[in-house]
Amino acid sequence: MSGFQLPLLGGALIGLSAVLLMATLGRIAGISGIAAALLPPWPEGALWRWPFVAGLLIGPLLAAAVLGRPVVAAPPGNAWLLLAAGALVGVGTGLSGGCTSGHGVCGMARLSPRSIVATAIFMAAAIATVFVMRHVI
Amino acid sequence: MSSSARGLWQALAGLAAGLLFGGGLAFGGMTDPAVVQGFLDIAGDWNPSLIGVMGAAVVVSFIGYRLVRRGPRPWLAPAFHLPHEYNVDAALLLGAALFGAGWGLAGYCPGPALAALPALLPGTAQFVLAMLAGLGLVRLWRAWRADQPTRP
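Residue numbers (my numbering), protein chains in the order written: chain A, 1 to 137; chain B, 1 to 152.
Don't read these hints as lab results, they were simulated from the structure. Note that the structure is predicted; figures quoted are calculated from it, not measured. We put the beta carbon where it would ideally sit given N, CA and C, even for glycine. Check the hints yourself; a few may be wrong.
[Unchecked claim] Simulated coverage check for chain B against chain A, where a stretch passes if three residues somewhere in it have a Cβ under 8 Å from a Cβ of chain A:
no.	stretch
1	4-15
2	43-52
3	55-61
4	80-89
5	96-104
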């Protein structure tokens, strides 16, 4: 089970981040919502989101230094596929009001019915997409 | 606490939470799209490690949220900001399906895509720009729809 130690550590750190944000600022650690609030017009009291995103960018650099190996890898596919995928993720998380973090972690932890439904659907859609890409096309 | 001191503490709390989140994504393997797609590929050479990431994150948040919500308010803000929508509507269903398709295509969800930006890898910036454009488009659409007169 040693292969599960880093995933469990990573998940625990993500959970601690969500708890810290709720304990200090009373906010859900939902990345799509935080990213959307970086776009103007800026909502009131949104200033904490910039240092959060700075930390999000620096965190993997620290993890790479600790592990002594690169942790970030390039996404597959050409630029057009990645533009389409990014647009789907942006429109989709905007419409559903959350992503893997907001619905999948924070919403599930709150036992929110909307988040449980959203998580089941985006997991199923992602599994179906990878199945079609790898085993059908 | 003066308002400027409170603003500084709020910024530090945001930075600490971001560092924990970005470090957690990286330790958990979520910043590698091959790991994410390997997890989603249940019919192929399945990589179950992300169950550990999601599971640990949900369990820690579940326990931590319950401890935190015993307090009357957050330490650095006047009130808890929790989503107050409860109904499952068409936007939730359609949005989750579109998001899942994009997540499967690239192996990136919003957090890992942003966290990967400093590595300057090919494709990450395109993904993030398209994602921000999509989020902005939905915000514009919501604002436009809120301005429409309601039908009798």
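| request: Examine the stretch 4-15 of chain B for residues whose CB is less than 8 Å from any CB of chain A, and state whether their number is three or more. | output: With 8 residues close enough to chain A, the hint holds.
Whether chain A covers the stretch 80-89 of chain B (at least 3 residues having a Cβ closer than 8 Å to its Cβ atoms): Result for this restraint: holds, n = 8.
Worksheet item: Are at least 3 residues of the stretch 55-61 of chain B within less than 8 Å of chain A when you compare beta carbons?
Response: holds (count 7)
**Message:** Under 8 Å between beta-carbons, do enough residues of the stretch 96-104 of chain B, three at least, approach chain A for the coverage claim to hold?
**Reply:** With 9 residues in contact (Cβ-Cβ under 8 Å with chain A), the coverage given for the stretch 96-104 of chain B holds.
8 Å C-beta criterion, at least three residues: is the stretch 43-52 of chain B covered by chain A:
Result for this restraint: holds, n = 6.
Going down the numbered hints, you'll see the structure goes against none, and every one checks out.
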